[in-house]
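2 protein chains.
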Amino acid sequence: MIYWEDLEVGSETEFGTYHVTREEVLEFAHKYDPQPFHVSDEAAAKTHFGRIAASGWHTAAMTMRVIVDALTREPQAGLGSPGVDELRWLKPVYPGDTLTMHGRIVDKTPSRSKPDLGTIRTQTTVTNQDGVDVMRFTSIVLMKRRPS
Amino acid sequence: MIYWEDLEVGSETEFGTYHVTREEVLEFAHKYDPQPFHVSDEAAAKTHFGRIAASGWHTAAMTMRVIVDALTREPQAGLGSPGVDELRWLKPVYPGDTLTMHGRIVDKTPSRSKPDLGTIRTQTTVTNQDGVDVMRFTSIVLMKRRPS
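As given, the protein sequences belong to chains A and B, one line each in that order.
Residue 79 in my numbering sits at position 79 of the first sequence, and the numbers go up by one each step.
Residue 140 in my numbering sits at position 140 of the second sequence, and the numbers go up by one each step.
So that you can see chain A by itself, here it is in the shape it has in the complex (with noise of 0.2 Å):
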């Protein structure tokens, strides 16, 4: 189990991959944002996105299951996460990408009510295929301290 105290502010892990289908695209985004970029060709190709990209909070969905396996592989005594600051879509995430997600701890503070819990910040970054950052948000993760 991994604690709050096994952390290190700099530290960079590679969560792993993800490979966008075009039905998965078009399933969420029917489900939860039928924006017309994001559930048609022909509406698409008159916006910047030129095809059908895939909805930013499905993006932000298929980041989360990486993280998920990662932590199941890796246990972390998280305690859940309060929010996410600065989420940006930066680039179009098009069915057919492969998108690989990495975390990088920026800081991390020890509780000042509860002496057994801490918190850290951890700044997601999900590139595509090419190299290219698509997604960026940093989260906000409560965590228990190692017991003495």
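Just so you know, the hints here were simulated from the structure itself, not pulled from any lab data.
There could be a bad hint or two in this list.
One copy or any two copies: either way a pair holds, since identical chains are not told apart in the list.
Dumping the calculated EDC-like pairs for lysine to aspartate or glutamate here, alpha-carbon to alpha-carbon at most 20 Å [claimed, not checked]:
hint, residue 1, residue 2
1, Lys91, Glu74
2, Lys46, Glu12
3, Lys144, Glu74
4, Lys31, Asp69
5, Lys144, Asp107
6, Lys114, Asp133
7, Lys108, Glu86
8, Lys114, Asp69
9, Lys144, Glu24
10, Lys91, Asp41
11, Lys46, Asp116
12, Lys108, Asp130
13, Lys46, Asp33
14, Lys108, Asp33
15, Lys114, Glu74
16, Lys108, Glu5
17, Lys144, Glu23
On the provided structure of chain A, position chain B as indicated by the hints.
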């Protein structure tokens, strides 16, 4: 068509509501966020959630759906969103909840480089049937200015 000029800082909108079903919570979690407290009643009972709670990314996706439906009823000259700031999961979302999504315009800025564009910042708040705020974020949206 609603242009950048038509939106006023401080104005508020109710985007709509979304009913959260157990089936959908499980489906999303199995696909994108299979942490134990999102997929197992037994595991969730051992955490502060108490019972299965929706993935925070699922709550974001449901919110997007309600916003897209509102924008379909009242089209805006939006050009997509570069991102979201201060996304916070304030309280758990449970199967059976009915969520209401509100927006409040908190800032608008004309583009420095492109005279036909402007940016709007909207704080979106999601509230459950008991009036408890469960999620909040501030989205950045690029919009066209009214053609002169």
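Evaluation of the provided hints:
Neither within a single protomer nor between protomers do lysine 91 and glutamate 74 lie at most 20 Å apart by alpha-carbon distance, with minima of 30 Å and 27 Å respectively. In this homomeric assembly, lysine 46 and glutamate 12 never come within 20 Å of each other (Cα to Cα): the closest approach is 39 Å inside a single copy and 31 Å across copies. In this assembly of identical chains, lysine 144 and glutamate 74 lie within 20 Å of each other by CA distance solely inside one copy; the values are 15 Å within and 46 Å between copies. In this assembly of identical chains, the alpha carbons of lysine 31 and aspartate 69 lie at most 20 Å apart only when taken from different copies (11 Å versus 24 Å within one copy).
Only within a single protomer do lysine 144 and aspartate 107 lie at most 20 Å apart by alpha-carbon distance; the minimum there is 16 Å, versus 38 Å between protomers. With identical chains, the CA atoms of lysine 114 and aspartate 133 are never at most 20 Å apart, being 37 Å at best within one copy and 24 Å at best between copies. In this homomeric assembly, lysine 108 and glutamate 86 come within 20 Å of each other (Cα to Cα) both inside a single copy, at 17 Å, and across copies, at 18 Å. Within a single copy, lysine 114 and aspartate 69 get their C-alpha atoms no closer than 29 Å, and across copies no closer than 43 Å, so neither meets the 20 Å cut-off.
In this homomeric assembly, lysine 144 and glutamate 24 never come within 20 Å of each other (Cα to Cα): the closest approach is 35 Å inside a single copy and 30 Å across copies. Taking identical chains as interchangeable, the C-alpha atoms of lysine 91 and aspartate 41 lie at most 20 Å apart only when both belong to the same chain, with a minimum of 18 Å there against 38 Å between chains. Proximity of lysine 46 to aspartate 116 under the C-alpha cut-off of 20 Å is restricted to the inter-copy arrangement: shortest distance 18 Å between copies versus 54 Å within a copy. For the identical chains of this complex, lysine 108 and aspartate 130 are neighbours neither inside a copy (32 Å) nor across copies (34 Å), given an alpha-carbon limit of 20 Å.
Taking identical chains as interchangeable, the C-alpha atoms of lysine 46 and aspartate 33 lie at most 20 Å apart only when both belong to the same chain, with a minimum of 18 Å there against 33 Å between chains. Taking identical chains as interchangeable, the C-alpha atoms of lysine 108 and aspartate 33 are never at most 20 Å apart, the minima being 34 Å within one chain and 24 Å between chains. For the identical chains of this complex, lysine 114 and glutamate 74 are neighbours neither inside a copy (25 Å) nor across copies (47 Å), given an alpha-carbon limit of 20 Å. Taking identical chains as interchangeable, the C-alpha atoms of lysine 108 and glutamate 5 lie at most 20 Å apart only when both belong to the same chain, with a minimum of 9 Å there against 42 Å between chains.
For the homomeric pair lysine 144 and glutamate 23, neither the shortest alpha-carbon distance inside one copy (39 Å) nor that between copies (31 Å) is at most 20 Å.
Violation of the numbered hints given earlier is confined to hints 1, 2, 6, 8, 9, 12, 14, 15, 17; the remaining hints are satisfied by the structure.
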